[in-house]
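Note that the protein sequences, when read in sequence, are chains A and B. To convert, count from 1 in the first sequence and add 262; that's our numbering. To convert, count from 1 in the second sequence and add 262; that's our numbering.
It cannot be assumed that every hint is accurate.
Same chains, same names: a pair is fine if it fits in one copy or spans any two.
Here are the simulated DSBU-like pairs of lysine-lysine, each with C-alpha atoms no more than 35 Å apart in a straight line [as the list claims (entries may be wrong)]:
| no. | residue 1 | residue 2 |
| --- | --- | --- |
| 1 | K690 | K366 |
| 2 | K497 | K366 |
| 3 | K366 | K271 |
| 4 | K366 | K513 |
| 5 | K366 | K280 |
| 6 | K604 | K670 |
| 7 | K366 | K328 |
| 8 | K551 | K328 |
Please keep in mind that the hints were generated in silico from the structure rather than gathered at the bench.
2 protein chains.
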Amino acid sequence: MSTVEHTIKLYNSLKGQKEEFKPLHPGYVGMYVCGPTVYSDVHLGNCRTFTSFDIIYRYLMHIGYKVRYVRNITDVGHLTDEGEDRMSKGARVAQLEPMEVAQKYTVGFHDMMRIFNTLPPSIEPRATGHIPEQIKMVQDIMERGYGYERNGSVYFNVRKFDQENPGVYGNLSGRVLDDLLAESREGLKSQGEKDNPVDFAIWMKARSGDIMVWESPWSVGFPGWHLECSAMSTKYLGQTFDIHGGGNDLKFPHHENEIAQNLGSCGCTPANYWLHANMLLLNGKKMSKSDGNTITPMELFTGESPFVTKGYSPMVVKFFMLMAHYRSTLDITDEALQAAEKGFRRLMETNSILQKMDPHTADFDGSESDTDRTILRLIDEAYAGMDDDFNTAIALATLNELGSYVHKLANQQLDHTEVAPWVLERLKTIFNAFIFDIFGLNDEADGGDDGTVDGLMQLILDIRAAARAQKDWGTSDKIRDGLAAVGIAVKDGKEGTNWTKG
Amino acid sequence: MSTVEHTIKLYNSLKGQKEEFKPLHPGYVGMYVCGPTVYSDVHLGNCRTFTSFDIIYRYLMHIGYKVRYVRNITDVGHLTDEGEDRMSKGARVAQLEPMEVAQKYTVGFHDMMRIFNTLPPSIEPRATGHIPEQIKMVQDIMERGYGYERNGSVYFNVRKFDQENPGVYGNLSGRVLDDLLAESREGLKSQGEKDNPVDFAIWMKARSGDIMVWESPWSVGFPGWHLECSAMSTKYLGQTFDIHGGGNDLKFPHHENEIAQNLGSCGCTPANYWLHANMLLLNGKKMSKSDGNTITPMELFTGESPFVTKGYSPMVVKFFMLMAHYRSTLDITDEALQAAEKGFRRLMETNSILQKMDPHTADFDGSESDTDRTILRLIDEAYAGMDDDFNTAIALATLNELGSYVHKLANQQLDHTEVAPWVLERLKTIFNAFIFDIFGLNDEADGGDDGTVDGLMQLILDIRAAARAQKDWGTSDKIRDGLAAVGIAVKDGKEGTNWTKG
Numbered sequence: 263m264s265t266v267e268h269t270i271k272l273y274n275s276l277k278g279q280k281e282e283f284k285p286l287h288p289g290y291v292g293m294y295v296c297g298p299t300v301y302s303d304v305h306l307g308n309c310r311t312f313t314s315f316d317i318i319y320r321y322l323m324h325i326g327y328k329v330r331y332v333r334n335i336t337d338v339g340h341l342t343d344e345g346e347d348r349m350s351k352g353a354r355v356a357q358l359e360p361m362e363v364a365q366k367y368t369v370g371f372h373d374m375m376r377i378f379n380t381l382p383p384s385i386e387p388r389a390t391g392h393i394p395e396q397i398k399m400v401q402d403i404m405e406r407g408y409g410y411e412r413n414g415s416v417y418f419n420v421r422k423f424d425q426e427n428p429g430v431y432g433n434l435s436g437r438v439l440d441d442l443l444a445e446s447r448e449g450l451k452s453q454g455e456k457d458n459p460v461d462f463a464i465w466m467k468a469r470s471g472d473i474m475v476w477e478s479p480w481s482v483g484f485p486g487w488h489l490e491c492s493a494m495s496t497k498y499l500g501q502t503f504d505i506h507g508g509g510n511d512l513k514f515p516h517h518e519n520e521i522a523q524n525l526g527s528c529g530c531t532p533a534n535y536w537l538h539a540n541m542l543l544l545n546g547k548k549m550s551k552s553d554g555n556t557i558t559p560m561e562l563f564t565g566e567s568p569f570v571t572k573g574y575s576p577m578v579v580k581f582f583m584l585m586a587h588y589r590s591t592l593d594i595t596d597e598a599l600q601a602a603e604k605g606f607r608r609l610m611e612t613n614s615i616l617q618k619m620d621p622h623t624a625d626f627d628g629s630e631s632d633t634d635r636t637i638l639r640l641i642d643e644a645y646a647g648m649d650d651d652f653n654t655a656i657a658l659a660t661l662n663e664l665g666s667y668v669h670k671l672a673n674q675q676l677d678h679t680e681v682a683p684w685v686l687e688r689l690k691t692i693f694n695a696f697i698f699d700i701f702g703l704n705d706e707a708d709g710g711d712d713g714t715v716d717g718l719m720q721l722i723l724d725i726r727a728a729a730r731a732q733k734d735w736g737t738s739d740k741i742r743d744g745l746a747a748v749g750i751a752v753k754d755g756k757e758g759t760n761w762t763k764g
Numbered sequence: 263m264s265t266v267e268h269t270i271k272l273y274n275s276l277k278g279q280k281e282e283f284k285p286l287h288p289g290y291v292g293m294y295v296c297g298p299t300v301y302s303d304v305h306l307g308n309c310r311t312f313t314s315f316d317i318i319y320r321y322l323m324h325i326g327y328k329v330r331y332v333r334n335i336t337d338v339g340h341l342t343d344e345g346e347d348r349m350s351k352g353a354r355v356a357q358l359e360p361m362e363v364a365q366k367y368t369v370g371f372h373d374m375m376r377i378f379n380t381l382p383p384s385i386e387p388r389a390t391g392h393i394p395e396q397i398k399m400v401q402d403i404m405e406r407g408y409g410y411e412r413n414g415s416v417y418f419n420v421r422k423f424d425q426e427n428p429g430v431y432g433n434l435s436g437r438v439l440d441d442l443l444a445e446s447r448e449g450l451k452s453q454g455e456k457d458n459p460v461d462f463a464i465w466m467k468a469r470s471g472d473i474m475v476w477e478s479p480w481s482v483g484f485p486g487w488h489l490e491c492s493a494m495s496t497k498y499l500g501q502t503f504d505i506h507g508g509g510n511d512l513k514f515p516h517h518e519n520e521i522a523q524n525l526g527s528c529g530c531t532p533a534n535y536w537l538h539a540n541m542l543l544l545n546g547k548k549m550s551k552s553d554g555n556t557i558t559p560m561e562l563f564t565g566e567s568p569f570v571t572k573g574y575s576p577m578v579v580k581f582f583m584l585m586a587h588y589r590s591t592l593d594i595t596d597e598a599l600q601a602a603e604k605g606f607r608r609l610m611e612t613n614s615i616l617q618k619m620d621p622h623t624a625d626f627d628g629s630e631s632d633t634d635r636t637i638l639r640l641i642d643e644a645y646a647g648m649d650d651d652f653n654t655a656i657a658l659a660t661l662n663e664l665g666s667y668v669h670k671l672a673n674q675q676l677d678h679t680e681v682a683p684w685v686l687e688r689l690k691t692i693f694n695a696f697i698f699d700i701f702g703l704n705d706e707a708d709g710g711d712d713g714t715v716d717g718l719m720q721l722i723l724d725i726r727a728a729a730r731a732q733k734d735w736g737t738s739d740k741i742r743d744g745l746a747a748v749g750i751a752v753k754d755g756k757e758g759t760n761w762t763k764g
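Can you make the complete structure from the sequences, with help from the hints?
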């Protein structure tokens, strides 16, 4: 029933090794990714995580899977004192409403995801939209003996869970429960009303001042932070599903607690494969607001930051992210971004040249050349890179290698008869597929999609050609300078004149 | 405490007349608008409604109100058989998930609202995200004696409500309960398990096959359609708030039932002012899919419809909507759209000319001319139009009248000394405010916001000027034709050369 021919290997954090991906149901993938908490602007590190999983989503669909991709919005949290200006009290409309804060940052998050040209997930459930499901899960956990109530709050009994499910808690993050217990005995964690400091809340009784609260069998309160992902993944993907993803920093305690909650409520491990995207560094160091070692996406785009010499467009930043495997740390430096900018422009230019090439059918003798074989091998290698734990770095490097053949053809270093018409067609298809469908890049050279810039450039290049034919160097120079002023470079080659926006 | 100096009059459907708007809390406005049902693409009629309320939202903010604008997403409904291809059964991930349908059309709706350049509301609550609130409201209604249970479903007792609150039910829509009862006795409505055919469901027991269901004290089921708006407006705006809006078609039964539910649950009328946007017609007739008399927003943009001779851009369509008061029916015809296109281009061109004008301070004698007085009066009239039930038609017509002074100045039919520098500045400010802030139009002439088109046009116009100075008519003609090919017209005036994209 499956039409998927690729064998995917992925690094499963749960096993600490690469494994062959076997979906629960041939041809279908259920994937859950922990989404943003919407009471502040999305961080650049989050952008990397969501871009990485967007590419995984895109690739799985590209090779034929039907994917249900669920990414939540965490819109309940400690919002009491967050938000914009406080309005006067006394009237509901004049009080601060946490959902206004959630809406503001949800819209901002969606805008940023659009800027990075990521696809919306199949379902985007909100934590506040699933209170009954979370209450039900707390009840299930209590019925199975893993939850206890203290003064209206409910806690998950980690030690009991560990005794009855040995080796589970801490497995994903490489934590040892005894060490966690020892740590907490040393007073690093407050026990409060919990039986044990390692226990965690699954339902919190509201404190005075909490405004996002709901009724429950235990108290007016709100669900524990970890609970929403367990409840929503179960609701939309089932008790057991294929892939669970998120940032590395969520491994502990969030993902450990998720696994404990799911197992604790129904006896099932939620996901078979756990994927974690690695950290973004800035000049070799962890980003941190308090250290001042930080840059926002907008600062990166505008260049308004001491860490960059200029602004880098969203697609350049995305390309920069693609240059590393999602499981590697990625270090933002101005030099690396400059290299990414060149790399991105070059790739887009290469594709533009490639797509304009005509297959040379007239003088084609039907044979398969060494060049043909090399191109076909490289295409396989690009796919093999993605099949190997979605290694975009390898796929990109291979595309660049393929690109060198495009330039050789364009410069007539390589004779056109060396590339069979069908191989050229396949190369065109594969370039478009990787650049636009899989990587989700787009061509920023065109100011809009109505073709105005293309039309104006055609006119300008016509005038330029006429001026040069008449040796009117004044006009030709004026055009060169005018185009440079808007960041457009013109290149004359044997295939004609190309232009790129830099 | 309020900084709002305008006196707004609005047509209150509840009273059937225009009234002065008095917000519950000076300086603040709470506004609820019934949003889309997300299991199909948004209709053009809905686009008109949401655009109308966006302009009301924008205008209230423009004149100084702090507005909380709540617009819901109806994501629970009869989705059982809706959606895309059915996947194979047996596994959760492989079943049709109504929330995938809701997400698809929510994203599509947001995209369309962005195309029309409307602002996101302050809060955008989802019906499925407020099940506990809706269950609570059913309980409150039952406690106050207006709800009864039948086989796991709960119905609102309209007749009892009418007896105890005479004159309320039907008041908004001009319906008489006795007529409704007579109608239903004639067998036009099925009574089913209801005590009375006019009663409506506030909780529905799930039927076999329903998949969006929740537990409740009465049954596993789902809330009645009308309930969500009552529950969500109460949650985010309070039991009584300022403005409730929606399309005319929602007056009955939806808004009548909302009022009954709110009064029935807490004894409060929900909103003080009810505003209704009128219908969009197509060639004089109601749009209807079954009659074939219909056009989608995308068909209107692309021109792929037998009802239009060409495509009209989203801003032209929006401008067309602005040309009528939101309470008037608006008839889409190809001729009217062509007129709107000309009107929109002209307005944008006028503003472009105006914004480039320098105040003539050097030869200004300090006096106030007749022209000054006329301009100031017209500015007041534009605001007066908006203050009078948000009449965009009047505001637009007045802007056009003001525009004639801009053109007279540009053509030197009117001497610059006739307009005092501060009046010119005010005119500039007011034009930008109306066009961009209040109407939410944007300038489609520029292919993108990075200035590429502007930069290229500057270069082309420079070359053109040089060519004309050298009497190089060949180049000049080539430029004219090349620009025409991308829809750009160039106009030489005494103020310099202007260009517009048509």
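Each hint tested on the structure:
Within a single copy, K690 and K366 get their C-alpha atoms only as close as 41 Å, which misses the 35 Å cut-off; across copies the closest is 31 Å, which meets it. For the homomeric pair K497 and K366, the shortest alpha-carbon distances inside one copy (26 Å) and between copies (18 Å) are both at most 35 Å. Taking the closest pair of Cα atoms, K366 and K271 come within 35 Å of each other only across two copies (30 Å); inside a single copy the shortest separation is 39 Å, beyond that limit. Within a single copy, K366 and K513 get their C-alpha atoms as close as 28 Å, and across copies as close as 30 Å, so both meet the 35 Å cut-off.
Proximity of K366 and K280 under a CA criterion of 35 Å is satisfied inter-copy only: 34 Å between copies versus 39 Å inside one chain copy. Only within a single protomer do K604 and K670 lie at most 35 Å apart by alpha-carbon distance; the minimum there is 19 Å, versus 50 Å between protomers. Within a single copy, K366 and K328 get their C-alpha atoms as close as 32 Å, and across copies as close as 15 Å, so both meet the 35 Å cut-off. In this homomeric assembly, K551 and K328 come within 35 Å of each other (Cα to Cα) only across copies, at 32 Å, whereas the closest approach inside a single copy is 40 Å.
In this structure, none of the earlier numbered hints is contradicted; all agree with it.
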